[in-house]
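Peer 1: Once you've looked at the hints, dock chain A against the given chain F.
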Amino acid sequence: MSTCDLPAYQIAELIRAKQVSALEVLEDTLKRVKQVDGRPGEVDAPAAETVEDRAAVHAFTLVTEDYARQQARQIDSQIQAGEDPGPLAGVPYTAKDIFTVRGIRSTAGSKILSNYISPYSATVVERMQEAGAVLVGKVNLDEFTYGSSSESSAYKPVPRNPWDTSRVTGGSSGGSAAAVAAGEGAISLGTDTGGSIRHPASFCGTVGLKPTYGRVSRYGLIAFGSSLDCPGPLARSVTDAALTLQAIAGQDPRDATSATVPVPDYLAEMAKDIRGLRIGLSEEFFRVTYFDSESMELVENPIDDQIRDAVLSAAGFLAQLGADIVTDVPLPHTKYGVPTYFVISRVEASSNLLRYDGVKYGYRTSAPFADLRELYRKTRGEAFGVEPKLRMLMGVYLSAAQFDKGYYQRALKARALIRQDFEAIFDPQGDYRLDALLTPTAPTTAFPIGSVYGDSVLMQYSDQLTVTTNHAGIPGLTFPVGFDREGLPIGAQVLGPDYSEGRLLSVARAYELATENEDWRSRRPPILADNGS
Amino acid sequence: MYNTQYSIRKPPPPILDFVVKRMGQQSRLLSESTVTMTKYEAVIGLEIHIQLNTESKIFCSCKADSWGDPPNTNICPVCTGQPGVLPVPNQAVIEKGALLAAAMNSRIRPESYFDRKNYFYPDLPKGYQITQYDLAIGQGGYLDLPLEDGGARRITIEKMHIEEDAGKTIHKPGRRLLDFNRCGVPLVEMVTGPDLRSAAEAAAFIRYLRKLARWIGVSDADMEKGKMRFDANVSIRKEGSSVLNPKTEIKNMNSIEHGREAIQTEIQRQIREVEAGGTIESWTLDWNEDTKTLSKMRSKETEADYRYFKEPDLLAVKLDQAQIQEIHASLPELPQAREERFISEYGITSKEAGLLNSDRALSDYFESLLEVYGGAPKTAANWVINDLLGLLNDLDLALDELYLTPERLAEIIKMVEAGTINTSTGRELVRIAEEKKKEPPAIVEEEGLAQLTDNSAIEALCQEVIQSSPDQVAQYRSGKQGVIGWLIGQVMSRSSGKADPQAVREILQRLLDQP
Numbered sequence: 000m001s002t003c004d005l006p007a008y009q010i011a012e013l014i015r016a017k018q019v020s021a022l023e024v025l026e027d028t029l030k031r032v033k034q035v036d037g038r039p040g041e042v043d044a045p046a047a048e049t050v051e052d053r054a055a056v057h058a059f060t061l062v063t064e065d066y067a068r069q070q071a072r073q074i075d076s077q078i079q080a081g082e083d084p085g086p087l088a089g090v091p092y093t094a095k096d097i098f099t100v101r102g103i104r105s106t107a108g109s110k111i112l113s114n115y116i117s118p119y120s121a122t123v124v125e126r127m128q129e130a131g132a133v134l135v136g137k138v139n140l141d142e143f144t145y146g147s148s149s150e151s152s153a154y155k156p157v158p159r160n161p162w163d164t165s166r167v168t169g170g171s172s173g174g175s176a177a178a179v180a181a182g183e184g185a186i187s188l189g190t191d192t193g194g195s196i197r198h199p200a201s202f203c204g205t206v207g208l209k210p211t212y213g214r215v216s217r218y219g220l221i222a223f224g225s226s227l228d229c230p231g232p233l234a235r236s237v238t239d240a241a242l243t244l245q246a247i248a249g250q251d252p253r254d255a256t257s258a259t260v261p262v263p264d265y266l267a268e269m270a271k272d273i274r275g276l277r278i279g280l281s282e283e284f285f286r287v288t289y290f291d292s293e294s295m296e297l298v299e300n301p302i303d304d305q306i307r308d309a310v311l312s313a314a315g316f317l318a319q320l321g322a323d324i325v326t327d328v329p330l331p332h333t334k335y336g337v338p339t340y341f342v343i344s345r346v347e348a349s350s351n352l353l354r355y356d357g358v359k360y361g362y363r364t365s366a367p368f369a370d371l372r373e374l375y376r377k378t379r380g381e382a383f384g385v386e387p388k389l390r391m392l393m394g395v396y397l398s399a400a401q402f403d404k405g406y407y408q409r410a411l412k413a414r415a416l417i418r419q420d421f422e423a424i425f426d427p428q429g430d431y432r433l434d435a436l437l438t439p440t441a442p443t444t445a446f447p448i449g450s451v452y453g454d455s456v457l458m459q460y461s462d463q464l465t466v467t468t469n470h471a472g473i474p475g476l477t478f479p480v481g482f483d484r485e486g487l488p489i490g491a492q493v494l495g496p497d498y499s500e501g502r503l504l505s506v507a508r509a510y511e512l513a514t515e516n517e518d519w520r521s522r523r524p525p526i527l528a529d530n531g532s
Numbered sequence: 000m001y002n003t004q005y006s007i008r009k010p011p012p013p014i015l016d017f018v019v020k021r022m023g024q025q026s027r028l029l030s031e032s033t034v035t036m037t038k039y040e041a042v043i044g045l046e047i048h049i050q051l052n053t054e055s056k057i058f059c060s061c062k063a064d065s066w067g068d069p070p071n072t073n074i075c076p077v078c079t080g081q082p083g084v085l086p087v088p089n090q091a092v093i094e095k096g097a098l099l100a101a102a103m104n105s106r107i108r109p110e111s112y113f114d115r116k117n118y119f120y121p122d123l124p125k126g127y128q129i130t131q132y133d134l135a136i137g138q139g140g141y142l143d144l145p146l147e148d149g150g151a152r153r154i155t156i157e158k159m160h161i162e163e164d165a166g167k168t169i170h171k172p173g174r175r176l177l178d179f180n181r182c183g184v185p186l187v188e189m190v191t192g193p194d195l196r197s198a199a200e201a202a203a204f205i206r207y208l209r210k211l212a213r214w215i216g217v218s219d220a221d222m223e224k225g226k227m228r229f230d231a232n233v234s235i236r237k238e239g240s241s242v243l244n245p246k247t248e249i250k251n252m253n254s255i256e257h258g259r260e261a262i263q264t265e266i267q268r269q270i271r272e273v274e275a276g277g278t279i280e281s282w283t284l285d286w287n288e289d290t291k292t293l294s295k296m297r298s299k300e301t302e303a304d305y306r307y308f309k310e311p312d313l314l315a316v317k318l319d320q321a322q323i324q325e326i327h328a329s330l331p332e333l334p335q336a337r338e339e340r341f342i343s344e345y346g347i348t349s350k351e352a353g354l355l356n357s358d359r360a361l362s363d364y365f366e367s368l369l370e371v372y373g374g375a376p377k378t379a380a381n382w383v384i385n386d387l388l389g390l391l392n393d394l395d396l397a398l399d400e401l402y403l404t405p406e407r408l409a410e411i412i413k414m415v416e417a418g419t420i421n422t423s424t425g426r427e428l429v430r431i432a433e434e435k436k437k438e439p440p441a442i443v444e445e446e447g448l449a450q451l452t453d454n455s456a457i458e459a460l461c462q463e464v465i466q467s468s469p470d471q472v473a474q475y476r477s478g479k480q481g482v483i484g485w486l487i488g489q490v491m492s493r494s495s496g497k498a499d500p501q502a503v504r505e506i507l508q509r510l511l512d513q514p
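Read top to bottom, the protein sequences are chains F and A.
If you're matching positions, the first sequence starts at 0 in numbering that gives the first Met the number 0 and goes up one per residue.
If you're matching positions, the second sequence starts at 0 in numbering that gives the first Met the number 0 and goes up one per residue.
The following block holds chain F by itself, in its conformation from the complex:
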């Protein structure tokens, strides 16, 4: 077994015990990338056309080989000098290409930033470095994170699911999930605005944690919906997610919205017994509810039985471990999650994209322009993909002065109601007094590439089960609970009140331990077998 399939905590242990060097681990990982990743994403490159292309993961937009070797050597010399490089010593990781890294191209998966070299590093990147982790590269995503399949990236070919390369990775942190699942780095940093960590994590069979809003600094996260964006880890084990959260959480003087709440010891929290925890199940999360665009009627569709069964079976395991399962938990405003998200995220996105004007940095049209307006129009017209354009149009429309009360203000009210739903069920004096809520992460398993992309409303409904978490600002953790009949991973998520990450980790960890010997837990992505590693 290559070191690149080991969990991060084991890699760090081996390196600190001098049983393997950080450089050896890195070389293993780089070798894996060469084996499975195919050609890296590039702007204006052809989409996956060849058989080889279609059989590769394409997680990366940039492999930072030299940068990584330099870091790994530094870790090794620290070890040689008897210093402790930190809890993630020599652990290879990837960062979604939405985080800035000083001196490294930071593109957001968009042509408009295709030549942007950041002059500064994101706080989470700095903290990973301080913990000793080694950055292997930047990974692909939906353009500016706008999507749930990672197909909208300007960097082609887009990521493919290691469990079935004809399928999407989910998104928008699709490159992160695919890389972690395929052993291209033990950990990846992703971002979650409406489900963008948890959704691809569930599609690719990994753990994914969206922390409480404010728990992890957003400084250096190229903004989408600023009031919703959360950085967080994707990993192959609950322990690795806890280790990573430990490294990146905590107040940041550069982010005014970062929380001053003390950071607990997540490994200790994770190890806690779950006996007596009250874990809820809500029917609202076992169906997809949407307003039919023709009739405007509310339509309810149950999610796939296989997903339902896998989540209920996970609940059964948790009950066996001593948790109290509370059924029929009401979260009546869940159905407004997606429409509310449509308004808030697009208004914020349209404003956040204004800075990309071809004046200061990034892409600028090479066509002649007569005046400033033409420079803006051509630059933005040429360099933004269809998703950012749709979102800007929608955002500008929704925030226009004449609709002020009609859309944005109403969406803020709906958001407050969604938050109240959660406050009510987690209220220690309330009717439900839940410690956590267990739900499916996504209404489907990974769908075929091209099957949804193009219908941005349908795509948005992929987020229905994750998006309310972002509205409420609470944490959510997805973990694998099995496979469907087609061999595609199914994820379940646990949600909890503000700053309950430790408890969510303990639930997922208890489940992980309890199912350690289940057959499905020994499955590996076929792409790894195909490549003989």
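No wet-lab data here; the hints were simulated from the structure.
Positions of the beta carbon are idealized from the N, C-alpha and C atoms, including for glycine.
Among the hints, erroneous ones may be present.
[Claimed, not checked] With the C-beta cut set under 10 Å, the calculated list includes, among others, these residues of chain A facing chain F:
id : residue
1  : Thr79
2  : Pro82
3  : Tyr307
4  : Lys309
5  : Thr419
[Stated by the list, open to error] With a Cα cut of at most 27 Å, we get these calculated BS3-like pairs of lysine-lysine:
id : chain 1 : residue 1 : chain 2 : residue 2
6  : A       : Lys435    : F       : Lys377
7  : A       : Lys309    : F       : Lys412
8  : A       : Lys309    : F       : Lys388
[Stated by the list, open to error] Which stretches of chain A does chain F cover? Using the computed rule of at least three CB atoms under 8 Å from a CB of chain F, they are:
id : segment
9  : 85-99
10 : 125-138
11 : 312-321
Peer 2: Just chain A, lined up with the frame of chain F:
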């Protein structure tokens, strides 16, 4: 109030190609020889930006004041709007903004918010300006502006908020150069109601605001350095009417005097336009200070939609009751109140009170002087106004750079009053002490400046002068007594100015009157 001197003359043609010549001289000549028909009054509101004098910018730690620095030297990822950056509010900006709000009788909101104002411009690196919209730090407010006739006009404050400045665009032939030093410099924007009634009032308001901002220490308010800027909204209406007619907005007034001229020019232009049967359109006008003309920048038919929404990257600005009370408590006595107190408490004239309160440091100096001197306020005021101000001006010094502290000046005044030195020596001593940076009594001693109080010595000098000036003595004795002044001067000169002139006069008279 403006007379419409054109009404019985041929009206000027409606202004097609919009360039308005300054009226100036011409209008005054005409108004003397014409009959008044309709009377108009001007309705003016001001939008003022005041740069707060904090060390660092509003949302990052870059130096705020870039005056004299090369372009793009006080910048960082945050203020240049790099992808992924976030603003962090500078507490000093909040405090200074709140202090200014308190000084303008504005209610300080316990919870205010920042909003995004979205628009494209190359010198606005994020594509939005972080400002405050509906829930700004200050709510309402007013200022009672003293008028020439002794009354006051209440100028209401409609908006009072904190915001970041944009960068500077420098236009070169075929090129635009961007300087981001100014991006993120903290500003307070204040918008008055349409309450001002003349160009002179508008100028007086700005002048007062400048003084106030300096007085409470929130801004240098130096217009030449762009630390205070203002635009004016101008309309006219028939006197007595309360309607608000379409207004024009004047920009680019780089000094108070230019502002006054520009507003005056625009008022005259609007009167001419209306008298000629034309209408006033909502234009934005640009004042050219070289040609003294206004030119049209753009039509302002539709308000731009800035799509304001709450800045999600910042939390609410919270000030609890204790903090708000502290802000009010830290507000010094304001210039108007202090002027009034000086007049009533010290019995000085309103002109003197105005001079002493032209600057807070001067006013404070005066009060410190009064305290250590303990004599008549009027005397202290005279010394400050007649001697200290001149000294400051001649040596180009600020009050806090002075060697001549209130204590030292008080010593000089006391020496004069005690007769140790005479008044003119005292006045010279002010300058000498400052230049030599030496205690006044030491100078008096070292340079022998003490007044000659030994009458026998003065008498000896008088005798000398009488003997060496037979002609003048003869004139005096023949009845031309005025010549005594010349003789006194001679004695003073021989005493190097140290003799007490009163004693000289008495002794001379006695000696001359003796046969």
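Peer 1: Taking the hints in turn, state whether each one holds.
Peer 2: Hint check results:
Hint on Thr79/A holds. Least Cβ distance to chain F is approximately 7 Å, under the 10 Å limit. This hint holds: Pro82/A has a C-beta 4 Å from the nearest C-beta of chain F, less than the 10 Å allowed. Interface restraint check: Tyr307/A against chain F, minimum CB-CB distance 8 Å, threshold 10 Å, status holds. With a cut of 10 Å, the hint placing Lys309/A at the interface with chain F holds, because the nearest CB-to-CB distance is about 9 Å.
Annotation: interface hint on Thr419/A violated; nearest CB of chain F at approximately 62 Å, more than 10 Å. About 69 Å separates the Cα atoms of Lys435/A and Lys377/F, which puts this hinted pair outside 27 Å; it is violated. Of the supplied pair hints, the one linking Lys309/A and Lys412/F holds, its CA atoms being roughly 14 Å apart against a limit of 27 Å. A hinted pair counts as satisfied when its Cα atoms are at most 27 Å apart, and Lys309/A with Lys388/F qualifies at roughly 22 Å.
Closer than 8 Å: that is the beta-carbon criterion, and the segment 85-99 of chain A has 4 residues meeting it against chain F, so the requirement of 3 holds. Given a C-beta distance limit of less than 8 Å, the hint that chain F covers the segment 125-138 of chain A holds, as 3 residues qualify and 3 suffice. Requiring three or more residues with a Cβ within less than 8 Å of a Cβ of chain F, the coverage given for the segment 312-321 of chain A holds, as 3 such residues are present.
Comparing the model with each earlier hint shows violations of hints 5, 6; every other hint is respected.
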